[in-house]
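Trainee: Could you build all of it, start to finish, from the sequences and the hints given here?
Protein chains: 2
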Amino acid sequence: MTLKPRIEAAIASAIRQGQAQSAPPRLASALDYSVSPGGARIRPTICLSVAMACGDDKPAIADAAATAIELIHCASLVHDDMPCFDNADIRRGKPSVHRAYGEPLALLAGDSLIIMAFEVLARAAEHDPTRAIQLMRILGSSSGMPGGICAGQGWESESEINLSAYHRAKTGALFTAATRMGAAAAGEDPEAWTELGARIGEAFQVADDLRDALYDEATLGKPVNQDEINSRPNAVSELGVRGAIRRLEDILSGAIASIPSCPGEAALCDMVRKTAERLTPVLPAHHPA
Amino acid sequence: MTLKPRIEAAIASAIRQGQAQSAPPRLASALDYSVSPGGARIRPTICLSVAMACGDDKPAIADAAATAIELIHCASLVHDDMPCFDNADIRRGKPSVHRAYGEPLALLAGDSLIIMAFEVLARAAEHDPTRAIQLMRILGSSSGMPGGICAGQGWESESEINLSAYHRAKTGALFTAATRMGAAAAGEDPEAWTELGARIGEAFQVADDLRDALYDEATLGKPVNQDEINSRPNAVSELGVRGAIRRLEDILSGAIASIPSCPGEAALCDMVRKTAERLTPVLPAHHPA
Chain G
1 MTLKPRIEAA IASAIRQGQA QSAPPRLASA LDYSVSPGGA RIRPTICLSV
51 AMACGDDKPA IADAAATAIE LIHCASLVHD DMPCFDNADI RRGKPSVHRA
101 YGEPLALLAG DSLIIMAFEV LARAAEHDPT RAIQLMRILG SSSGMPGGIC
151 AGQGWESESE INLSAYHRAK TGALFTAATR MGAAAAGEDP EAWTELGARI
201 GEAFQVADDL RDALYDEATL GKPVNQDEIN SRPNAVSELG VRGAIRRLED
251 ILSGAIASIP SCPGEAALCD MVRKTAERLT PVLPAHHPA
Chain E
290 MTLKPRIEAA IASAIRQGQA QSAPPRLASA LDYSVSPGGA RIRPTICLSV
340 AMACGDDKPA IADAAATAIE LIHCASLVHD DMPCFDNADI RRGKPSVHRA
390 YGEPLALLAG DSLIIMAFEV LARAAEHDPT RAIQLMRILG SSSGMPGGIC
440 AGQGWESESE INLSAYHRAK TGALFTAATR MGAAAAGEDP EAWTELGARI
490 GEAFQVADDL RDALYDEATL GKPVNQDEIN SRPNAVSELG VRGAIRRLED
540 ILSGAIASIP SCPGEAALCD MVRKTAERLT PVLPAHHPA
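So the sequence lines, in the order shown, correspond to chains G and E. In terms of this note's numbering, the first sequence has 239 at position 239, counting the first letter as 1, and numbering is strictly consecutive. For any residue, its number in this note's numbering is found by taking its place in the second sequence, counting from 1, and adding 289.
Calculated directly from the structure, the hints in this document are not laboratory data. A virtual CB, placed ideally from N, CA and C, is assigned to each residue, including glycine. Check before you lean on any hint, since a few could be wrong.
[Stated by the list, open to error] Computed, partial: chain E to chain G, Cβ under 7 Å:
id: 1; residue: 396
id: 2; residue: 439
id: 3; residue: 447
Mentor: Now the structure itself:
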């Protein structure tokens, strides 16, 4: 069963809440543009998969958790694409938000999506205030300072980079948020689910490095070789292409091994395996590595 | 009694929570820079004054409310000063954040402060989850889309501007948040306090227009004539200087009249009167109006 319709409905409902007759129309439109097309929705999929593995006894809370994570992720893409960061003209195969709407609205769209993420959780509190508050705390620590994705991005402005803090914050934080929030949304202890999220995040980073090294811009839907251009650390430059693929496989085996015992353990292992297949690149026939 | 030490302590404590050994040091420093020097801290002062007028039975919640409002306000200043908006080089008499730390860190500092505002409220939930959730909802609707300060700023990118929605969102939203959150933090119904916040916000807008028209850059600590330069609506251009001062006095009388009956009513009236005195500019002797 695919989670996509459930995720898209939850995100669309959140975006509608940010729109009204009295809202500035172009910014309202930019919010919708910023979260679509959906793509794999990998973080909310992980979040809901964990919630379901844990019983998903309050689906409205799990939906809010999944939506909040994706809104923060989309906000970070909108801001990261801006000229002062990656200066990316395309994203998901269409003009990036600042190219389509201008820099002021891109900046505001990102800000609004961050706020909306917390609003979604605050509204979900009607179903279970204790869980909603726990979700907000996890989301906050995964997004902001000192250890969330803002911190991760912040490391790129340092002359000396703390590599493990950088990776943990920049890519890992929202993946651990996804597993932790999935568990918390279903009333389970989030701590036991941190390792799964961390390993999926690590795998995602290696897979991203591989795609960056192997694919062209048309396939990827965004500019390639950005790590090299921006002198960011990269698994392929450290391990080579085949080494990076082996590393990816190891990480995903570890991810599956880390899954806590729970009612939906088998289905969750299956989800991680499917994620692994999607992440692992097929080497082009002409590739020398 | 001044509220300043209480407010500064609460804000400093929030900023410390965003800093850690593992945080990127320049972004950590930019957070501190973004909220200092404090200046009048007018929004948190209003928030705490209302909370105290309502009994202030849980001061930790009121502190969190006041801090969250100020963090959102500071975030909006950091982002508004950036080159794609006002392109302001100075703020509070020192280089704006993007001039001191560069655009990437200014963007991230604003994002981090927004997230921190919600984290402060999520942490305060330990004292009273119901009030904390109510505060988050008010803060969200006052900050984001469709009617918060992001929406207000968004109107400046429209070809046709909805003036009342623009003013209500751009300046009014955080002032109504201040009175509403002050009341909610003390367990009172926030609705009764909306009008006071709206009127103080209106007064502040008129006073800002007056200062913009009357003072020079050195006195103001930021660039002048920004409304004219950016073709924004302005009370002085509509009513003239003396007309705008009369309008300011009318609004503040209305603000005092709107204060709901509460234990600390007299002290609160006094606070509004003091705010009025601070806001009303002394006409320079040479002014022709």
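Trainee: Check the structure against each numbered hint from earlier and tell me which ones fail, lowest number first.
Mentor: none
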